[in-house]
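Asks: Please model the entire structure based on the sequences and the hints provided.
These protein sequence lines are chains P and W, in that order.
This note's numbering applies: residue 1 is where the first sequence begins, and numbers increase by one.
This note's numbering applies: residue 1001 is where the second sequence begins, and numbers increase by one.
Some hints could be false.
Stated by the list, open to error - To give an idea of the chain W side of the interface with chain P (calculated C-beta under 7 Å), a few residues:
{"hint": "1", "residue": "1071"}
{"hint": "2", "residue": "1095"}
{"hint": "3", "residue": "1106"}
{"hint": "4", "residue": "1152"}
If you are wondering where the hints come from, they were derived from the structure by calculation, not from laboratory data.
Think of the CB as a built atom: it goes at the ideal place given N, C-alpha and C, for glycine as much as any other residue.
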Amino acid sequence: MLDEIFSPQFVQLSLPPILIGALAAIACALPGNFLVLRRQALIGDAISHVVLPGIVVAFLLTGRVSTWPMMIGATVAALVAAILIEAIRRVGRMEPGAAMGVVFTALFAFGVLLLEQSGSRNVHLDVEHALYGNLESLIWLDANGWGSLFDARALAGLPPELPRLAIVAALIATATALFWRPLAISTFDESYAQSIGLPTRLIAFALVAAAAVAAVAAFEAVGSIIVIAMFVCPPAAARLMTDRLGAQVAWSLLFAVISAVAGYVIAGYGPLWFGLPDAVSAAGMIATISGVILAAACLWGPRRLGAGSAA
Amino acid sequence: MTATATAREGVFASDPDSRPGPLVVSGLTVSYGRAPALIGVDLAIAPGSMTAIVGPNGAGKSTLLKAVIGVAPVVAGDIRVFGETLARVRDRVAYVPQRASVDWDFPARVIDVVTMGLYRELGPFGFVRRRHREAAMAHLDRVGMADFAQRQIGQLSGGQQQRVFLARALAQKADLYLLDEPLAGVDAATERAVVAVLHGLRAEGACIVAVHHDLATLRDYFDHVALINRRLVAQGPTAETLTAENLQRTYGGLLAGTQIGRIEIAYAARER
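Replies: As structure tokens, this is what we get:
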């Protein structure tokens, strides 16, 4: 195993996807903590469905498959969905889960219709790609060992998803740290937060917007399965480990990174250890690992329901 | 009697020569959609008083408090807090929501919740220093919860949770306290502790407005009462306002005549 880590192939083939997976997991798990506490965990699911019409519209407007217009289209679609969900919840007085369900199904269906009617289905926008991403293909051909990390020319050849996700993860982490206190107060007790003058609607919207940006950035690189899993599983498992919000967020980040790294390694090398010829889907394995961590936390977490009162 | 009393107090409160009243509500109509939750409510809270908001379920008691803190959708009317709009005097107002309005499974300890009360002082970025922690502990001590500072809030009983909410409000060092059902479903020890703290605040010159549902304890705890059922039915000193006629008008057929009779007999017996 150690030999593998020091081989040039590892830096070329495995390091970029592992880093990208970990950054995507961090970017999604951070807002996921607050979404889960607000009982809005489903919004990650909603956003990753809504991305489809956004991408199609961006393609129709620009006429080509390129990253930035599609990212922008997807983000706009996610924000439109967030506004629609809020509007339906307030105007229709609907339970949030139902409002999300209505919006993301309708927009996803609209995306499918657009895709069919516009002729853009001939373009490479297939469902499998959307679900599993293409983590294994995010390789760094310019690298020839760990030394390449200090080689400007080789660094220029990094898969663009890596710096993009690094920026998004850094932005979300900074925003979470800066607005920690208002975010925590308004998540715990919204009417109290309003009484002390916090802009609770703006905070709620900013949180969904951050989730949307994280989902869109991660979606393209790692697929929607990881996005949905990372919004929910690490925060939910972390909640069972501690009774403090700060510690919960720290645990969730740890679980997110463990899922990404272990998931990728097990998917890539695991079958070989058992003498099987092919690797399995990294995205699927990462999501599975996060689910296994959640299950373990449910069974043995020190703060699972019923365990807390004994302490 | 009530109408004239309201008008007189209202004029008194807006008299430029005297200090403005802690809370003056005029013509307040609130609506969440179809039927208004409150219609044309006039209310003037006397300085240094402890007022109970009383009325049947759905009468708009919580809505009244929410309108004051700017959460409920106000359709018409005017609300003045210490003669100003809320935004200018927010530091002088503390609100205690209903205990059931939050998820107590939230990952926070008792001390974390009380520290939220220091937000106006700390701001979004302020560092929680030793004196802040000590202040939070002192407020917890005042409600008899200092020993529970490190407990997860979900492990507390309902009454203990209520006291934590009160401690958080104390941390705001307000002049006007608005409490939504602070005595609903709490144990006897908590009821004593909460009432003692509220009476202490009143003695320090603060003004208290609380939604209250227990008619039997009303006269013992509160010096003023406002009876509402979407509209203001009556307001004034408890002894004069809490009459069988006013209760009947507030509760309509909901409160059987015998119940009111029983409460009256209980009061009469106590006063003798």
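Asks: Return the numbers of the hints above that this structure violates; sort them in rising order.
Replies: Result: no hint breaks.
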